[in-house]
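391 is the number that the numbering used here gives to position 391 of the sequence shown; each next residue is one higher, with no gaps.
None of these hints come from the bench; they were simulated from the model. Please read these numbers as outputs of a predicted model, since none were measured by experiment. Mixed in with the good hints, there may be bad ones.
Said to hold, decoys possible - No more than 27 Å apart at the CA atoms, straight line, and that leaves these computed lysine-lysine pairs for BS3-like:
1. K842 with K728
2. K295 with K837
3. K267 with K162
4. K81 with K162
5. K601 with K503
6. K601 with K676
7. K549 with K530
8. K39 with K233
9. K58 with K162
10. K88 with K401
11. K492 with K476
12. K295 with K842
13. K519 with K233
As the list claims (entries may be wrong) - Cβ-Cβ distance ranges computed for the label pairs, FRET-style:
14. K441 with D570: 11 to 21 Å
15. K237 with K676: 20 to 30 Å
16. D496 with K441: 32 to 42 Å
17. G52 with R841: 52 to 62 Å
18. E236 with D66: 17 to 27 Å
19. D496 with K593: 43 to 53 Å
20. L851 with W312: 31 to 41 Å
No residue lacks a Cβ here, since even glycine has one placed at the ideal position from N, Cα and C.
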Amino acid sequence: MGQDNSKQKRQRVEYSGKQDATTPFEISGNSLYNLVGNKDEALFKELGGTEGICKLLKSNQTKGLDGNDLKERYSQFGQNKYPDPIMKTFFQMLVDSLNDSTLMILIASAFVSLFLALVMPRSQTCGEEQEMNTDWIEGLAIFVAVIVVSVGSSISDYNKQKKFMELSQDEKNVNIKVVRKGENTLISIRDLAVGDLVNLDVGDIIPADGVYASGFDLRVDESDMTGEPVAVKKSEKDYWMMSGTKVTDGNGQMIVTAVGLNSLWGKTKESLNQDKPRPTPLQEKLDELAEQIGKLGMGCAIVVFTILCIYWVIDAINYKPILVCDNDPCKQWTEESKATHNCELIGFNWMHLASVVEYLITAITIVVVAVPEGLPLAVTISLAYSMQQMMADNNLVRHLKACEIMSNCSNICTDKTGTLTENRMTVVRGWFGGEVMERDKSLDLNNTKLGEEVYNNISCNKSISSAVYMEDGILKTIGNKTECALLGYCLKQNIDYEARYTKLSSIIYQQFAFSSARKRMSTIIYNEDKSLHMFLKGAPEVILSKCSKYMKKDGTTVILTEDDRKTLLDFQLSCANQGMRTLSLAVRDLSPKNPSNLNEKYEESPEEDCTLLCVFGIEDPLRPEVIDAVASCHRAGITVRMVTGDNIATGRSIAKQCKIIESDSDFCIEGPQFAKLTDEEVDNILPTLRVIARCSPQDKKRLVNRLILHGEVVAVTGDGTNDVPALKEADVGLAMGIRGTDVAKQASDIVILDDNFNSIVKAVMWGRCVYDNIRKFLQFQLTVNVVALALCIIGAITKMGSPLKALQMLWVNMIMDTLAALALGTEKPTPSLLNRKPFGRKASLISINMLRNIVTQAIYQLFVLLFLLYCGRELTFLNAPCAYIDHGDFGQYKCADNKLHSINDIEKDTTTIQTMIFNAFVFCQIFNEINSRKVNGEIDVFENIFSNYMFVGIVSMTAIVQTLIVVFAGPIFSVTPFPGIGIIQWITCLVLSSLSLVIGQLAIRYLTETQILQIKENFFGKAKSD
């Protein structure tokens, strides 16, 4: 397992190509790199500019590549891929895990134990022959346990690393808009080749180095590469297009000149170290808790070791020599025996130091058990598992913190288009020169002046990448869906918009790209007499404010009267009330800014005194699952708010359809009006605010900010570059996978791959599932910690020693860490998770319900284990009367059955009760693991238990392994030798441990959260409210 550098070296050679080669293409990769990497303008001119470069690369400035020679291109110029990140090998992770200070101390203790066992064996029996010295078994077993724990954690870490790498690769595999064979198409970024013609729109990240081919007001933010904060306008003069930079304005095309490792970004990336995943807030909180518990465990271990050593010293001082005759320590010898037997006095000797080593091993093991390294592991397992499962629910998690934060999400600010609706835009209504086109009825504009203006406006007033085509009788779209609706309208009228675009794009004078601030775009073309003709497209209220007349079918223009404006307003409202988006087209004739110098352009679009052509009513149907999804949010205590660029009537209509607006008190407002409100006024309307229409990015960011200041946990959706501030401001930024720009995706925490609101609700459900799974494990582990530490301390203080031996505690440690984390961390979400309110931003990780469960289980388990420890010998049916009888090194002693027994009998019965304590303790945890499946006061802990195969498998495996240990492990685990404890003793263990389930049910039913708060209030008084 693992990787070495040789794989990366092979990939580097394969992906780099042959940069010095000049065949089959008559230019080397190194020369192409200099065009952008070194901004070699002299070389650019020498090669004949973009046109000359296209010839050398056998590409076309308008049609792109034909795609038939991609292998040759990859071979000479390289591929747009990067070597896999260097992963830590399994062996490196194993070495790292063994460097843990606790494990190193444990290994050292095992060495000392082995040394003492071999040099000073202590194994003795009375009445039985000693077959072999077994003192060495414990030391060796600790070694084996350390190796098992290290290998287990290394496998977990290695698989986690591998999973994160896979998710990272999936995230980086985005689609790129290119032109091949003269047609717009989408390809994987990894398939990009030198010579490709790439379409660029606002929000795109430039995927490779290239040279400018064409564009309209194309501006690129190069601050990441150059540090210059001002976006650079691209042209034949400023031709370089640097990979990794962002398109901020306009649109255009570029010819790719360098990809992957040979690009500017590739060379920069090679010099950077691989980013390490940062811990999430919950992981940091649990790390802190684990550290505190670890310190407590260390303190307990020191106390136990100190007490045991004090007892050892006292015993050593007060040790009385014992008379042993004929080397038989099992008989009671007297002074008279000296006359007839070979006798000697046995005093204190250094072999007793072995007990101190045992105390040290016990203390270290307490630390190992107390340090809850399983807490961070549980977070990792739960998050990694959830991330994998969330991919199936169309949620690509970019930042782990998003999973846990979504669990407490109380507000979702969502877009309308494509999220609540299907993003399947279709023109269904229209107002054309005074005539209205209704749904399912056509209005023939072909061969009319008005029709020509409308079709030309639609054809040239669009992004380069927007396109529609028919496939199997279904209209397919690429690019902006609103533009595609208009292009689809042209297609239905049998208009070849591509031919018109080709013709008109060659005579464009100037273009002003769409922006959220302007809410419109305009393209100005030359007339034959060098005068200008402007096509304008945008929001109806903006376009109408620029128009003084409208065009009829025959091309004549009519003054727009107040009655006409009212008619148009009524038409818009009619469309909006049906949930339609409206869009207007207009034209204007004008002169160049400087007729004597056509290179001098307008600084702002000259849009006064325009002529209105039409108003479109564009329908985007509501997603069928949205109504139920919004209802689920309301049931879960989550407020859904719509922030949309559409007008307020459309927004209100859609909000009512999907039940975001449920009562007359729910409030809608338009962005400009919202922007004028003071912070105090905004805060006053927040409880009832449901829709912000004509919402600007600044409005969205302000809304998010005010909600967070009021303690809400906010998730916000975004798809454009302008949404980045709001995405970063929110607790969780949700970028749209289909409509979202690369910049928006990079700023987000989760990418909603299908742009569906229902997927956002699933993200909330998964978030709550992750949070609950971690709390389940926390409840389980804290119970084990409290019981194990208390048992060891009480046993040590009362001179019973540690009832749980070192290897037994290591086994318990494995149960409560790795195995329990897997079992409880992989529970799947259920719809019932949405039946409760979010816990809130400042909610404690340990709830009252969890604290009740921990305390009741700890008290019961301690009672059971201490009862067996102190009273086990008194229970005749357990047949262990000599268990834990205080004794010396030699002789016979009186037991609970009032008979004298040898030391061998005492050790045998002590091992029996100790085995029962160990067995009952483990099975208590197994049954409590079932209790821990619910942490919010739910009664049915068996609900859907068999749907989690991991849980059932691990619990079953733990029970089976525990049984095998008790029956077969014998001296290895310091338990009763084969065949182990008897049937009565087994029944006693299982009955006592299974009562954990009964205790759990009694606590849930008769000690509710309300009752606990009432008890607290009665004893400590009512808490003061803030």
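Checked hints:
1. K842 with K728: 21 Å, holds
2. K295 with K837: 35 Å, violated
3. K267 with K162: Distance of about 25 Å is within 27 Å: holds.
4. K81 with K162: The hint holds at about 19 Å.
5. K601 with K503: 21 Å, holds
6. K601 with K676: 34 Å, violated
7. K549 with K530: The given pair, whose Cα atoms are some 24 Å apart, holds under the 27 Å limit.
8. K39 with K233: 15 Å, holds
9. K58 with K162: 40 Å, violated
10. K88 with K401: 24 Å, holds
11. K492 with K476: 13 Å, holds
12. K295 with K842: 25 Å, holds
13. K519 with K233: 21 Å, holds
14. K441 with D570: 11 to 21 Å: For K441 and D570 the Cβ distance comes to about 19 Å; the hint holds.
15. K237 with K676: 20 to 30 Å: Given a distance of about 43 Å, which is not inside 20 to 30 Å, the answer is violated.
16. D496 with K441: 32 to 42 Å: 24 Å, violated
17. G52 with R841: 52 to 62 Å: At 60 Å between Cβs, range holds.
18. E236 with D66: 17 to 27 Å: Taking Cβ atoms as reference, E236 and D66 lie about 25 Å apart, which means the hint holds.
19. D496 with K593: 43 to 53 Å: 32 Å Cβ-Cβ, so the 43 to 53 Å window is violated.
20. L851 with W312: 31 to 41 Å: Between L851 and W312, where Cβ atoms are some 38 Å apart, the hint holds.
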